Amino acid sequence: MLTLYRPGIGWLHRAPAGPKAFALLAVVLVVSLLPSTWLSAAIGAAVAVACYLASGLGVGELGRQVVAVRWIIVVTFGFQVIFLPLESAVANTTRVVAAIVIAALLVLTTRVGDLLDAFERGLGIFRRFGLDPARVALVLAVAITTVPVLARLAAGVREAQRARGARLGVRAFVIPFLVVSLKHADDLGDALTARGVG
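In terms of the numbering used here, the numbers along the sequence shown are unbroken and rise by one, the last being 561.
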């Protein structure tokens, strides 16, 4: 399974996956619930910067994550600025981006195997209701890693097109992106089959 894990020795890398997931979720919720003001936009951005600095990954990695979601920024801001005042559009977009990049810290600082184990332990209490914790944990881990993985695949397609000098455009991007996305989905399916998930 393709992973975005970045090896490191920071405290966030050493933190257990379960408590780390809850802590990052709490931070994401707080950022998401901020009001739509200039101050909230500044706070959301500052929290994201502080999280990346504290994790040891640094602002360089934060920049890479922001670039990876640039189309989300464009679409989110573009639709909101049409219907909302500029302050609200900027604040809402900043909060969304801050929430995404903060949530990405989970997969950047935690191995997929550790995530699976943490989710499986956390969901163990539902076993008595017929829930299969291993299967649900696998689905959650795949869901968490899918968005950043697709963002990285999209960036790879763009870089390959630039290296070949290909004309950049929506149609020229969509077809190769769909091909690599389907290839990733196929590889993921093979990985899940190898784990006995039918």
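No lab work stands behind these hints, which were simulated from the structure alone. Each hint should be verified, as a subset may be incorrect.
Pairwise CB distance ranges, derived in the manner of DEER restraints [said to hold, decoys possible]: (1) V437 <-> A557: 21 to 29 Å; (2) G493 <-> R433: 22 to 30 Å; (3) I436 <-> D495: 22 to 30 Å; (4) A557 <-> L396: 39 to 47 Å; (5) A548 <-> A523: 18 to 26 Å; (6) R491 <-> A523: 25 to 33 Å.
In this text the structure is predicted, and so the values were computed from the model without any measurement. Built from N, CA and C at the ideal position, the CB exists for glycine as well.
Outcome of the hint check:
1. Roughly 38 Å separates the CB atoms of V437 and A557, a value that falls outside the hinted 21 to 29 Å.
2. In this structure the hint that G493 and R433 lie 22 to 30 Å apart at CB is violated, the actual value being about 43 Å.
3. Remark: the range hint 22 to 30 Å for I436 to D495 is contradicted by a beta-carbon distance near 38 Å.
4. At about 41 Å, the CB distance of A557 to L396 agrees with the hint of 39 to 47 Å.
5. Our hint of 18 to 26 Å for A548 and A523 holds, since their Cβ atoms are close to 19 Å apart.
6. A beta carbon spacing of about 50 Å between R491 and A523 contradicts the range 25 to 33 Å that was offered as a hint.
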